[in-house]
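Asks: Whenever a hint applies, use it, and build me the whole structure from the sequences.
Here the protein sequences come in this chain order: P and H. Our numbering numbers the first residue of the first sequence as 766 and each following residue consecutively. Our numbering numbers the first residue of the second sequence as 119 and each following residue consecutively.
Bear in mind the hints are in silico, worked out from the structure with no lab data behind them. Glycine included, C-beta positions come from ideal geometry on N, C-alpha and C. Be aware that a few hints might be false.
Not the full set, but computed from the structure, chain H residues with beta-carbon under 8 Å of chain P [what the hints assert, rightly or not]:
id, residue
1, I460
2, G463
3, G482
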Amino acid sequence: MTHLKKILLGEQGLVVIFAVAFVIVSLTVPNFLSERNMLGLLQSVVTIGIIACTMMFCLASRDFDLSVGSTVAFSGMVAVMASNASGSILLGLLAAVLCGAVVGTINGVVIARFRINALITTLATMQIVRGFALIASDGRAVGINDPGFYQLALSRFLGVPTPIWVMGLFFIVFGFVLNRTVFGKNTLAIGGNPEASRLAGVDVARMRIWIFALQGIVCAVAGVLLASRITSGQPNAATGLELSVISACVLGGVSLAGGRAAMTGVIVGVLIMGIAENAMNLLNIQAFYQYVVRGLILLLAVLLDNLRSVAGRQRV
Amino acid sequence: MQDFLEFRSISKGYPGVQALSDVSFAVRKGAVHGLMGENGAGKSTLIRVLSGDQSADQGEIRIDGEVQHYRSVRDAFHAGVIVIHQELQLVPELTVAENLWLGHFPGKGGVIDQRKLIGVVSQKLAEIGIDVDPTAKVASLSIGERQMVEIAKAVMLDARVIALDEPTSSLSSRESEILFALIDRLRANGTVILYVSHRLDEIFRLCDSLTVLRDGKLAAHHPDISEVTRDQIISEMVGREIANIWGWRGRSFGAERLRVESIAGPKLKFPLSFSVRRGEIVGFFGLIGAGRSEMARLVYGADARSQGSVSVDGAAVPADSPPKSIRAGIVLCPEDRKFDGIVQGRSIEENMTISSRRHFSPFGIINPKKESELADKFIAKLRVRTPSRRQDIVNLSGGNQQKVILGRWLSEEGIKVLIIDEPTRGIDVGAKSEIYEILYGLAEQGMAIVVVSSELPEVMGIADRIIVMCEGRLAADMPRADFDERRILAAALPDIKNGKDLPLTQVR
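Replies: If you want it as structure tokens, here you go:
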């Protein structure tokens, strides 16, 4: 019992749980392990996975971002409308990234410079930005004119769809940024103790603005890929996404109190969310139940995290 | 009188450390019992075991002959044991009376009986002689008053044993005196007080008996404190004789290094000017509220200056940005290590290189090899006691944490001015000497050092010159040759200053 406890509460506890869950699901759910289903599973977590990269930074620095879902919808919409209007996909992409960056920067400036609580600030921008998406499209879906736009999500490289490659690339890049750059280390330091970090010479306000700006840009990338996959700009896309992303991060051991985060954990968190949903789909479980299961998984993750930090404290 | 509180062969281990081994001693009823020892000697662990926060691996605690089996703080509470920690446990937004009743408000059906709420508290406060308004919000009280309220809370809960952990560390000497008077009254009521402190004069002033811990073991137990001497206790604590913990030695000073001209800020209204030369250690002394730390934060740029200028070697330093101050060569080791100094949950290495790593991180990409070399170099140089640079900094003792923060700045190249606020607060005697030695070494290399401290012996022990602050102004400035305890204190005290009976040094 104590041995099991040690494994589950240790550094790699989540990976172990993931591995066990994976084995059980592959043995019990038919068609789960097929190549087609695996790719489908990965594709279904692309949006969450990409945004979780920067949400990890946001949470690790003791901040919070609820506006990601709205930003995804809005930037996807902008990408479609701008490329329809200009006839250039590239221009559409740039417009989307710019919009994402603006939303993120505004979040960051309000939170870091005017010192407004991140929860309230992003709750406000979440609604404002969703409003913009609805206003811009008059509440309707906007179809893509140029079929080339579909290729962003449909094209494959070595048999794997592009969005999955993008997600993989983001995992690697942000993993590196977190562990090996001054930006990553300063993010963790800010989360650990903001005032001490400031006095130690970290420009805390600037760091926070950058984290939110980055989050906005990454949301735009996810928004473009999502629009391409659903072949249109949908003003109501990605509702509730913020909660899934935060769940995945928490599931991956990112502390809401800041200062603790790991890319591998977040990846595993994202995959657990994906597997749960995928397995339930394959088992034909009604979508309504999936909400309940998702909530339960999150609760379990937080309980596990709590047990782990209690165990950690006793070791001191 | 018979033994009231007994520790019998208490042992407690954590992975890698035996925090307490076989500690036994007893305290008489109505005694104030001192508990001393260097940081890491096991005092905190013993207090934690007593408070029910942690349970001992072996041994038992007896109160009034009864073996206690409590497994939580709540159980200890019911047994009449209350620990008052350095960080006070009051709700700032509630009033004094509400705080005292918290958890068991008087009244019926959830409606609070206001008259009883305040009446009982006023009576209780008057009884034990605490002069605090029961209807005042705790947030509006001074730290000293809050501590009184904590003690009143313990009394209201009929505490039989009250443990005080470093209660005077953030009190002014006047507030301390009020606390001591209160402890004297509690003693007369038969309450057992366990008094943890680093300050020998307090121990002698208050305690009837004393226990010294060292490395988790009982180093000495003195049932009667009048039979021990200061030197004896110090040598019991460290296991060796420390003749002179200051170790000050003369140095020659160079050209002016730091120049501060009429700076002021939101918390420091009167403009302040002074300068420090190369190789000079200037001590800033003042009572609580004199503006010492505010001065330090303004010079460093931790708070924005509203006027005035700071220059290092003749070059002006921008007003409100720690990163810019660091680049200009000014650094600050802050007063409150826990809240402003260390980054909890991160390693020693990361805490040490948080600022200096930019020197070896092209395009913001860290070089892990250089980072660990740098960390190991300063761990060795400053003699930080730790198994590894990867250790979480919260696991270190106060002295070692301070060394890590010093290492943070020494690993920056070209630091010219070091401001260190309360260099040894909460740090044991042995580590204190080491930190002073580091400061002397830095001064010898030409650094200008500003030491801010509320401990007069410390300032007098290590500074080449003392600047005294009183109510936000400079009150005196004297070289080492003129150091005189009475004159320094006289300058620091607001009340005496207007009197004509004491000769004061001229403000430069």
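Asks: Each hint: holds or not?
Replies: Status of the hints after comparison with the structure:
Taken as an interface hint, H/I460 checks out: its beta carbon lies about 6 Å from the nearest beta carbon of chain P, inside 8 Å. With a cut of 8 Å, the hint placing H/G463 at the interface with chain P holds, because the nearest CB-to-CB distance is about 4 Å. With 8 Å as the threshold, the beta carbon of H/G482 comes within range of chain P, its nearest partner Cβ sitting at about 4 Å, so the hint holds.
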